[in-house]
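**Student:** Sequence:
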Amino acid sequence: MALFRLAAGLVSLLVLSAIVWIKWPQFPGFPAAETWSMLLGYLGYILIAMTLLLGPLKYAMPPRWGKYLLQLRRDLGIGAGFAAIGHVALVLYIFERGAKLFFLQTAQPAEGWLGLFFLGDSAYSGPLSPHFSLTGISNYMGLLAFVILLALWITSSRYAEKLLGGASWKRLHLSNPLLFVLVMFHALIYINSIKGEPHSPGDFLWLAGIVAVLRLAAFGWNVFRRRS
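So the sequence shown is numbered by UniProt numbering: it starts at 1 and just counts up by one.
FYI, nobody ran anything at the bench for these hints, they're computed from the structure. A hint or two may mislead.
Stated by the list, open to error - Here are the simulated lysine to any residue pairs, SDA-like style, with alpha carbons at most 20 Å apart:
no.: 1; residue 1: Lys23; residue 2: Gly202
no.: 2; residue 1: Lys67; residue 2: Thr155
no.: 3; residue 1: Lys67; residue 2: Lys23
no.: 4; residue 1: Lys58; residue 2: Arg215
no.: 5; residue 1: Lys23; residue 2: Ala33
no.: 6; residue 1: Lys23; residue 2: Leu13
no.: 7; residue 1: Lys23; residue 2: Ala2
Claimed, not checked - Derived DEER-like restraints, expressed as beta-carbon distance ranges:
no.: 8; residue 1: Ser200; residue 2: Lys67; range: 37 to 43 Å
no.: 9; residue 1: Pro62; residue 2: Leu10; range: 22 to 28 Å
no.: 10; residue 1: Trp21; residue 2: Ala89; range: 18 to 24 Å
no.: 11; residue 1: Gly98; residue 2: Lys67; range: 47 to 53 Å
no.: 12; residue 1: Ile85; residue 2: Gln26; range: 21 to 27 Å
no.: 13; residue 1: Pro127; residue 2: Gly98; range: 18 to 24 Å
no.: 14; residue 1: Leu205; residue 2: Ala8; range: 25 to 31 Å
Predicted model, so just to flag it, every value in this text is computed and none were measured. All residues carry an ideal CB built from backbone N, CA and C; glycine is no exception.
Start from the sequences and build out the full structure, keeping to the hints where you can.
**Tutor:** Quick look at the structure:
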């Protein structure tokens with residue numbers, strides 16, 4: 001198992017590094033912090049998608065591979081958690097410093113990182129109101145996604161599974177598809193909200209299509225097998 005985890009980790013790291021290497025030239029007009037925030041968000045999205053694809057994959061693999069796929073899903077989920085923490089930390093830093101991004105919106109956000117979620121003249125004085133523009137809604141979706149991912153990340157260990165109990169742990173981790181959908185829409189809204197955003201909807205939708213098709217196929221196969 002240790003050798004499998006090491007090999008899978010190295011392969012995953014190489015794949016993610018290749019994605020960064022391919023995507024980096026597409027961000028020539030963006031500062032490093034903004035570039036890394038977007039790339040870490042994209043890598044987190046890919047890792048979440050991979051955890052969802054491992055479920056259908058087990059139906060095509062010998063039963064003895066089950067424990068390996070489960071461990072791989074845990075490791076990929078932990079990687080997604082690290083990517084998300086890096087993404088959120090950079091976003092908070094960028095907006096507190098003053099984001100060097102041009103948003104296609106007319107609403108005036110609050111100053112600092114509070115501008116992600118509130119409108120107003122100042123983050124520290126004057127009335128604040130919820131940020132219900134498309135960008136603000138996207139930020140609320142991102143916040144909810146981060147809370148869900150953090151909960152899954154903290155409870156990813158076998159110790160946490162035993163502490164929560166199998167049924168409660170499983171119910172919590174069934175929120176993974178919801179997490180994926182929230183991250184996808186969060187990204188799609190931002191793609192259409194930032195002038196010069198290098199990502200395109202296709203960067204996210206192709207993977208969402210694969211996840212949807214394979215998980216629906218696995219669900220159909222599971223129903224068929226139970227009725228047979």
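**Student:** Tell me the hint numbers this structure goes against, listed in increasing order.
**Tutor:** Failing hints, ascending: 3, 7.
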